[in-house]
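Undergrad: Next come the chains, spelled out residue by residue.
Number of protein chains: 2
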Amino acid sequence: MTIKAFVFDAYGTLYDVQSVAGVTDAAFPGHGDYITQVWRQKQLEYTWLRSLMGQYQDFWAMTRDSLAYTLKTLGLEATPELFERLADAYNNLKPYPDARAALEALAGYDRAILSNGSPAMLAMLVRNSGFEDLMKAVLSVDGKKIFKPDPRSYEQVEQKLGVTRDEVVFVSSNGFDVAGAKAFGFKVARIERVSPAALREELNAAGVIGPKTMFKALRMQAENLGHEADWTIGSLSELKGLAG
Amino acid sequence: MTIKAFVFDAYGTLYDVQSVAGVTDAAFPGHGDYITQVWRQKQLEYTWLRSLMGQYQDFWAMTRDSLAYTLKTLGLEATPELFERLADAYNNLKPYPDARAALEALAGYDRAILSNGSPAMLAMLVRNSGFEDLMKAVLSVDGKKIFKPDPRSYEQVEQKLGVTRDEVVFVSSNGFDVAGAKAFGFKVARIERVSPAALREELNAAGVIGPKTMFKALRMQAENLGHEADWTIGSLSELKGLAG
Numbered sequence: 001m002t003i004k005a006f007v008f009d010a011y012g013t014l015y016d017v018q019s020v021a022g023v024t025d026a027a028f029p030g031h032g033d034y035i036t037q038v039w040r041q042k043q044l045e046y047t048w049l050r051s052l053m054g055q056y057q058d059f060w061a062m063t064r065d066s067l068a069y070t071l072k073t074l075g076l077e078a079t080p081e082l083f084e085r086l087a088d089a090y091n092n093l094k095p096y097p098d099a100r101a102a103l104e105a106l107a108g109y110d111r112a113i114l115s116n117g118s119p120a121m122l123a124m125l126v127r128n129s130g131f132e133d134l135m136k137a138v139l140s141v142d143g144k145k146i147f148k149p150d151p152r153s154y155e156q157v158e159q160k161l162g163v164t165r166d167e168v169v170f171v172s173s174n175g176f177d178v179a180g181a182k183a184f185g186f187k188v189a190r191i192e193r194v195s196p197a198a199l200r201e202e203l204n205a206a207g208v209i210g211p212k213t214m215f216k217a218l219r220m221q222a223e224n225l226g227h228e229a230d231w232t233i234g235s236l237s238e239l240k241g242l243a244g
Numbered sequence: 245m246t247i248k249a250f251v252f253d254a255y256g257t258l259y260d261v262q263s264v265a266g267v268t269d270a271a272f273p274g275h276g277d278y279i280t281q282v283w284r285q286k287q288l289e290y291t292w293l294r295s296l297m298g299q300y301q302d303f304w305a306m307t308r309d310s311l312a313y314t315l316k317t318l319g320l321e322a323t324p325e326l327f328e329r330l331a332d333a334y335n336n337l338k339p340y341p342d343a344r345a346a347l348e349a350l351a352g353y354d355r356a357i358l359s360n361g362s363p364a365m366l367a368m369l370v371r372n373s374g375f376e377d378l379m380k381a382v383l384s385v386d387g388k389k390i391f392k393p394d395p396r397s398y399e400q401v402e403q404k405l406g407v408t409r410d411e412v413v414f415v416s417s418n419g420f421d422v423a424g425a426k427a428f429g430f431k432v433a434r435i436e437r438v439s440p441a442a443l444r445e446e447l448n449a450a451g452v453i454g455p456k457t458m459f460k461a462l463r464m465q466a467e468n469l470g471h472e473a474d475w476t477i478g479s480l481s482e483l484k485g486l487a488g
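In the order they appear, the protein sequences are chains A and B. Taking my numbering, the leading residue of the first sequence gets 1, the next gets one more, and so forth. Taking my numbering, the leading residue of the second sequence gets 245, the next gets one more, and so forth.
Treat the hints as calculated values from the structure; they're not laboratory data. Please note: incorrect hints may appear among the correct ones.
[Claimed, not checked] Here chain A is said to cover these stretches of chain B; the calculated rule only asks that three of the stretch's residues, wherever they fall, bring their Cβ under 8 angstroms from a Cβ of chain A:
#: 1; region: 283–294
#: 2; region: 419–431
[Said to hold, decoys possible] Label-pair ranges, simulated between beta-carbon atoms:
#: 3; chain 1: A; residue 1: GLY234; chain 2: B; residue 2: ALA345; range: 53 to 63 angstroms
#: 4; chain 1: A; residue 1: GLU81; chain 2: B; residue 2: GLY470; range: 21 to 31 angstroms
#: 5; chain 1: A; residue 1: SER195; chain 2: B; residue 2: ALA364; range: 29 to 39 angstroms
#: 6; chain 1: B; residue 1: GLY470; chain 2: A; residue 2: SER19; range: 26 to 36 angstroms
#: 7; chain 1: B; residue 1: ALA305; chain 2: A; residue 2: ALA61; range: 31 to 41 angstroms
#: 8; chain 1: A; residue 1: ARG100; chain 2: B; residue 2: GLN403; range: 49 to 59 angstroms
#: 9; chain 1: A; residue 1: PRO97; chain 2: B; residue 2: GLU376; range: 56 to 66 angstroms
#: 10; chain 1: A; residue 1: GLY22; chain 2: B; residue 2: ASN448; range: 20 to 30 angstroms
#: 11; chain 1: B; residue 1: LYS338; chain 2: A; residue 2: ASP166; range: 43 to 53 angstroms
Remember, predicted model here, so these are calculated numbers, not experimental data. Think of the CB as a built atom: it goes at the ideal place given N, C-alpha and C, for glycine as much as any other residue.
Next up, chain A with everything else stripped away, as it sits in the complex (with noise of 0.2 angstroms):
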C-alpha cells in the first residue's frame, strides 16, 4: 500500500468542539457544558437529518440552528450580538494540542482537511489556528451540498488531490465519519480522544451521568455500523509511523 495523503476531519479531529465552553458558559454562567453538548450534538443531528430530507443547508446555518433549538429548551434568549458571538465560537475552535507537530511531521505527504464546515468557517478555522501553510487543500462538502457520511461527502478528495481512494489516509475521531469514510473506501485512522476504559470509568464513577459525559458516550467511541478503523491511535502524533 502506497500512502500518498492524509486527509483529516475539522471537528473534533484536528479542532476541539469542547473548546467553545468557555463562551457558552461565560454568556450563560452554569449552562455552559449542557449548551455546548446539545448543540453539537444538535448540530450533528441537523446535518443528518437535512441531508436525509434533501433539504441541505451549510454548515453555519446548521450551526446557528442547532444554536437557537439549544438556546430554547433552556428558555434561554440572546441578544442578535450574543448569539453572534456564541455561533463564531465555533469559527475560534482551539486545535488538539498534538494537531500542529503531526501535521509537520507528515510534510512528505499531502495533506487536507475534508470538512462538513462550510467554505468560510473553515477559511477561518485554519487561519485562526495558522495551519494555513500545512494544508494542500481544505475542501468542504459544501462543494457537493451533502452532508457525511453520504459517500458523496467524500468525493472530493480524489478529484482535488489527484490521488486514488485507497491512497489515502482519512483521519478522524467522529465514529459516523470513521464508519462512512471506511465504506467509502479510504484506509481510515480512528483518533481516540476518549478510550473505552476511561468513558467506562467515567460512567461508573458518576453519581449522574452528566451532559459531558453522555456526550462521551454519545459521540466519542467507534460507532456499531459494519465499517471499523484500519488503526486506531491515542495521538496524531501516531500517523507519521502508519506511513511505515
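Following the hints, complete the assembly by docking chain B onto the known chain A.
TA: Okay, now just chain B, sitting in the frame of chain A:
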C-alpha cells in the same frame, strides 16, 4: 380540507420507548436509565447514518446494533439469552395511556401506522397491545428500505390507503418525523409529550442533568428544521377535534 386518514408513528407516539426501562434496569441494576436513553438515541442515529451511507438494514438490526453499542460503553456483557430478552423489550412496549381511546374515537377515519419498525416488530407491537382491530394498515419503511425522514419513507401511505397526502393527518412525537412528514406534504399533528415549560423546569431544577432529562432535551422537543407541525397537541384525545 378533507381529512380521510390518521397515520401514526409508533415509537414514542403510540408506544412509550421509556417502557423498556423496567427490563434494562432489572438486567443491569443502576444502569437502566442510562441504557434506555443511549440505546434509543443510537437506534435512531443508526437509522439516519445507515440511510445516508446507503447501507440500509432493518430496524431490528438497528435495535440490536444500538443495544450492543450501549452495553459496550459500560463494559457490560450480556449472555445471548439476556441480549435477546433486552432487544425483545422493543416488541413489548407499552402503549401510552391515551392511545387506545384516541384510536377508537377516530373510528370514522382510516387509521394506520407508518413506522421505522420492521414488519415483524410492528406485528408484535400491534398484537401485544391489542391494537390489531383498530388499524386499517400497519406500514413499515422496510417496504422502501429507507428510514424516516427521507421522503421515500412516507410514500407508501397514499398508495396503501388510497388517499392523497393532503388528506392525511400524520401524528408523531418525534421532531425529526414531524419535519419529514410535513416536508413530504402531510398535515401534521405533533403530540407534545414533554412541554417546553416542563423541560425548562426539569433542566433548571437538576443539580446534574441526567440521561433521561438529556433525552427529553434532545428528542422530545420541536426541531428547528424549517417545517413546523400544523397542530401541537398535549394528548392524542385531541385528534378527534382536529377533524372538525
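Undergrad: Next step is simple, just say for each hint if it's right about the structure.
TA: Hints and how they fare:
1. 283–294: holds (count 7)
2. 419–431: Holds, because 4 residues of the region 419–431 of chain B bring their Cβ atoms closer than 8 angstroms to Cβ atoms of chain A.
3. A:GLY234 with B:ALA345: 53 to 63 angstroms: The hinted range 53 to 63 angstroms holds for A:GLY234 and B:ALA345, with Cβ atoms some 56 angstroms apart.
4. A:GLU81 with B:GLY470: 21 to 31 angstroms: Once the Cβ atoms are compared, 24 angstroms apart, the range 21 to 31 angstroms for B:GLY470 and A:GLU81 holds.
5. A:SER195 with B:ALA364: 29 to 39 angstroms: With a Cβ separation near 37 angstroms, A:SER195 and B:ALA364 satisfy 29 to 39 angstroms, so the hint holds.
6. B:GLY470 with A:SER19: 26 to 36 angstroms: holds (29 angstroms)
7. B:ALA305 with A:ALA61: 31 to 41 angstroms: Distance hint for B:ALA305, A:ALA61 holds at roughly 33 angstroms.
8. A:ARG100 with B:GLN403: 49 to 59 angstroms: holds (57 angstroms)
9. A:PRO97 with B:GLU376: 56 to 66 angstroms: With Cβ atoms ~59 angstroms apart, the hint holds.
10. A:GLY22 with B:ASN448: 20 to 30 angstroms: holds (22 angstroms)
11. B:LYS338 with A:ASP166: 43 to 53 angstroms: With a Cβ separation near 50 angstroms, B:LYS338 and A:ASP166 satisfy 43 to 53 angstroms, so the hint holds.
Hint check: no violations occur; every hint is consistent with the structure.
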